[in-house]
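Engineer: These are the residues of each chain, in order.
2 protein chains.
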Amino acid sequence: MDKQRLIACHERIKPFIHNTPVLTSRSIDKMVGAQLFFKCENFQRMGAFKMRGAVNAILQLSEHDREKGVVTHSSGNFAQALSLAAQSLGVKAFIVMPSNAPQVKKEAVRGYGGIVLECEPTLEAREAQSRAIQEKEGATFLHPSNDDEVILGQGTACKELLESHPDLNYVFAPVGGGGLVAGTALAATYFGNNCSVIGGEPFEVDDAYRSLQSGIIETNTATNTIADGLKTQLGDRNFPIIQQHVERIIRVAEEEIVNAMRIIWERMKIICEPSCAVAFAAVLREKEQFADQKIGVILSGGNVDLGNLPF
Amino acid sequence: MDKQRLIACHERIKPFIHNTPVLTSRSIDKMVGAQLFFKCENFQRMGAFKMRGAVNAILQLSEHDREKGVVTHSSGNFAQALSLAAQSLGVKAFIVMPSNAPQVKKEAVRGYGGIVLECEPTLEAREAQSRAIQEKEGATFLHPSNDDEVILGQGTACKELLESHPDLNYVFAPVGGGGLVAGTALAATYFGNNCSVIGGEPFEVDDAYRSLQSGIIETNTATNTIADGLKTQLGDRNFPIIQQHVERIIRVAEEEIVNAMRIIWERMKIICEPSCAVAFAAVLREKEQFADQKIGVILSGGNVDLGNLPF
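These protein sequences, in sequence, are chains A and B.
Here this note's numbering is used: the first sequence runs in plain steps of one and ends on residue 311.
Here this note's numbering is used: the second sequence runs in plain steps of one and ends on residue 311.
Keep in mind the hints are simulated off the structure, nothing from the lab.
Quick reminder that beta carbons are idealized off the backbone N, C-alpha and C, glycines included.
Be a bit skeptical, because a hint or two may be false.
[What the hints assert, rightly or not] For lysine-lysine, the following DSSO-like pairs were computed, each having C-alpha atoms within a straight-line distance of at most 30 angstroms: (1) 30/A with 92/B; (2) 3/B with 287/A; (3) 294/A with 30/B; (4) 30/A with 14/B; (5) 231/B with 14/A; (6) 14/B with 3/B; (7) 68/B with 106/B; (8) 14/A with 14/B; (9) 106/A with 30/B; (10) 14/A with 294/A; (11) 106/A with 287/B; (12) 92/B with 30/B; (13) 30/B with 92/A; (14) 287/B with 14/B; (15) 106/B with 30/A; (16) 106/A with 231/A.
[As the list claims (entries may be wrong)] Over the 12 angstroms line for every Cβ pair with chain B, so calculated as not near, a few chain A residues: (17) 102; (18) 138; (19) 191; (20) 308; (21) 311.
[Claimed, not checked] Which bits of chain B does chain A cover? Going by a derived footprint, with three or more residues having C-beta under 8 angstroms, they are: (22) 259-266; (23) 299-310.
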């Protein structure tokens, strides 16, 4: 995935996404002792960066494949992103969701035009249901993070950030399935000026941290984290990019995530998910290492359940 | 207070305030059936529009008076705004607060450099303590809303909004002490193109609504509203402006305020106070009246207690 592919991806998706604002805060800069630039993907369409990859993946399908629709299994932001991206492009989106997924999430997917297909709440059932739709409808399966076109799409957030702030020394991104951090690392390599990418990951689901140590893709035995978007594991498409282009991963404790989220809410007056507070929590944890540096932080999304806040 | 005074005020305070962003939301526009433009004073310095009036009022003092400092009695946003404005201008700010004010509010004032003076929790004690400081220190008393320079300062938010969106048909602002809505009405008169100003006010503290009907300044016997910034009453400086330039006031119920606040948080991913959700609640309540219109909404502030949310 060379520089030209990332440029072409960005041009392709521009009509369908927001170039989200970059916010700063004097009080947070003082707190950290560095200059922070928050790329606000919580203001992206449907409230998360996942819109970028979903749009790109659909646009790269042939005319014939687009007519048949797309399918994924997800109960998170990618389900909504694929639904809205598909709707924006006049394509059908089949979303396989576990029957015990919250009603509000099913309604959100339907609100964006997605066709919800319920299944038993096991990975096997979700995969079987997805395969059935691929066979029956001829729909194309799209993975939320382990897909080259999705990775490129997610990388356009960092590309935009570096276009407006070319002199960043670091960009921090949360690490979940690996699509965002891999795309961010590609963008920093191609468009940064000696810009290093650092991942933030909860201790409770530190599969990516361990994967970088062992050299193979590790999994989590438990996923007891508030950062519900980061419970997934890396894949064979994004892991090599992460190995090559991500400087390191900083792990953070659950209380550090909640504290970072609270600071963003209180000081910046914006709503972000626990998952995206993880990147800022990583900056805070090792702030002495980054004194006086210019640091970009990808605020990945803002879809939270206001009835279930950690404050 | 003519147009030239408002222009001069804006030029005077520009170095000390943010020209806050104007945000839009497709889903909210669809919900309302109109085009809404939210002027985000929740992103203003210290988190509320009150910074504007405080800066202007201090800048209009003589050199001699500035040396003596300023004093106000408030436990709300104006206490913090006056503290930060004074700090930015190298002036002392004495803030009289009731002894039972939340510790977090006292600390916020001190964090912005204000000198907190505690008194008994009665209006009489607050006024007596303020007078004592005026006499002892020679400090100038500044009122949060019933002061010409404060009114002009608050009006600059609407002036900025109309500079970026000159064709608004309506601007909605919440009505508390009357400084914001009066300043907004002046700005709409001077810089709008047939732009009407409408106030939003809780039924529970509808003193301004009743004042417009009776022609005299009415008070509230009880103040049982979640919109804690709107419990105050109009004054003799802002009431005549409101009578002349505000089209009308729409009253809203408490559950409408919480609903409007929730929509702003969920759809726009920004944090606003209950008080400023009142203006949007007023749009929602009578949305049929405003179909297809271009509507500005002043989101007045974002200082909320995350430990005490209505969701």
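Engineer: Could you run down the list of hints and mark each one as holding or not?
Structural biologist: Structure-based check of each hint:
For the suggested pair residue 30/A and residue 92/B, the alpha carbons sit about 22 angstroms apart, so the restraint of at most 30 angstroms is met. Restraint check for residue 3/B and residue 287/A: not satisfied, since their Cα atoms lie roughly 48 angstroms apart, outside the 30 angstroms limit. Restraint check for residue 294/A and residue 30/B: not satisfied, since their Cα atoms lie roughly 39 angstroms apart, outside the 30 angstroms limit. Simply put, residue 30/A and residue 14/B have alpha-carbon atoms about 23 angstroms apart, close enough for the 30 angstroms limit, and the pair holds.
Note on residue 231/B and residue 14/A: the hinted pairing is violated, with a Cα-Cα distance of about 46 angstroms set against a maximum of 30 angstroms. Distance hint between residue 14/B and residue 3/B is fulfilled; the C-alpha atoms sit about 17 angstroms from each other, no more than 30 angstroms. The suggested pairing of residue 68/B with residue 106/B holds, with an alpha-carbon distance near 22 angstroms, which does not exceed 30 angstroms. In summary, the hint linking residue 14/A to residue 14/B is not supported, as the alpha carbons are separated by about 34 angstroms, beyond the 30 angstroms threshold.
For the hint linking residue 106/A to residue 30/B, the alpha-carbon distance of about 21 angstroms falls within 30 angstroms, and the restraint holds. For the suggested pair residue 14/A and residue 294/A, the alpha carbons sit about 26 angstroms apart, so the restraint of at most 30 angstroms is met. A threshold of 30 angstroms between alpha carbons decides the hint, and for residue 106/A with residue 287/B the separation of about 28 angstroms falls inside it, so the pair holds. Proposed proximity of residue 92/B and residue 30/B is contradicted: the alpha carbons are some 48 angstroms apart, above 30 angstroms.
Only pairs whose Cα atoms come within 30 angstroms are accepted, and residue 30/B paired with residue 92/A is accepted, the gap being roughly 22 angstroms. With a C-alpha separation of about 34 angstroms, the suggested pairing of residue 287/B with residue 14/B is violated against the 30 angstroms cut-off. Proposed proximity of residue 106/B and residue 30/A is supported: the alpha carbons are some 21 angstroms apart, at most 30 angstroms. For the suggested pair residue 106/A and residue 231/A, the alpha carbons sit about 20 angstroms apart, so the restraint of at most 30 angstroms is met.
The beta carbon of residue 102/A sits about 14 angstroms from the closest Cβ of chain B, which is more than 12 angstroms, so the claim that it is off the interface holds. With a cut of 12 angstroms on Cβ distances, residue 138/A stays outside the contact zone with chain B, its closest approach being about 31 angstroms. Every beta carbon of chain B lies more than 12 angstroms from that of residue 191/A, the smallest distance being close to 25 angstroms; the non-interface claim holds. The Cβ of residue 308/A sits about 9 angstroms from the closest Cβ of chain B, inside the 12 angstroms cut-off, so the non-interface label is violated.
With a least beta-carbon separation of about 4 angstroms from chain B, residue 311/A fails to lie farther than 12 angstroms from that chain, contradicting its non-interface assignment. Residue count for the segment 259-266 of chain B with a Cβ under 8 angstroms from a Cβ of chain A: 3. That meets the three needed, and the coverage hint holds. Interface restraint, the segment 299-310 of chain B with chain A: holds (4 residues with C-beta to C-beta distance below 8 angstroms; minimum three).
Checked against the numbered hints listed earlier, the structure breaks hints 2, 3, 5, 8, 12, 14, 20 and 21; every other hint is satisfied.
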